[in-house]
Amino acid sequence: MTDRSISSSVPVTQEQANLILRNMEEFKAIMLQQLHEQARTNELLAALAEALSDGEDYGEDGYVDSPTYLNGSPR
1 MTDRSISSSV PVTQEQANLI LRNMEEFKAI MLQQLHEQAR TNELLAALAE ALSDGEDYGE
61 DGYVDSPTYL NGSPR
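Count the sequence shown with full-length UniProt numbering and you get residues 1 to 75, in order.
No false leads were mixed into what you were given.
Okay, the calculated beta carbon distance ranges per label pair: (1) Ser53 x Val12: 42 to 50 Å; (2) Pro67 x Ala39: 35 to 43 Å; (3) Ser9 x Leu35: 18 to 26 Å; (4) Asn18 x Ala47: 37 to 45 Å; (5) Val10 x Asp65: 46 to 54 Å.
I should point out that these hints are in silico values taken from the structure, not numbers from a laboratory.
Beta carbons: idealized from backbone N, C-alpha and C, even for Gly.
Could you build all of it, start to finish, from the sequences and the hints given here?
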């Protein structure tokens with residue numbers, strides 16, 4: 001990275017900017033790890049949403065009519 005300037009919508013002091021520039025690689029590594037974790041969380045949330053919606057026909061009340069009771073006996 002050749003550009004050693006910082007542009008931000010959040011105001012930082014010169015001391016803070018210098019600290020960020022000195023530790024840029026560490027900050028990048030942390031941010032990449034956070035992005036990776038967020039991507040994994042998004043995948044899990046998408047899988048959950050898909051699993052909850054698979055093949056279920058919701059009635060007007062928003063509930064699924066199950067063919068069995070919780071104990072497994074038929075309705």
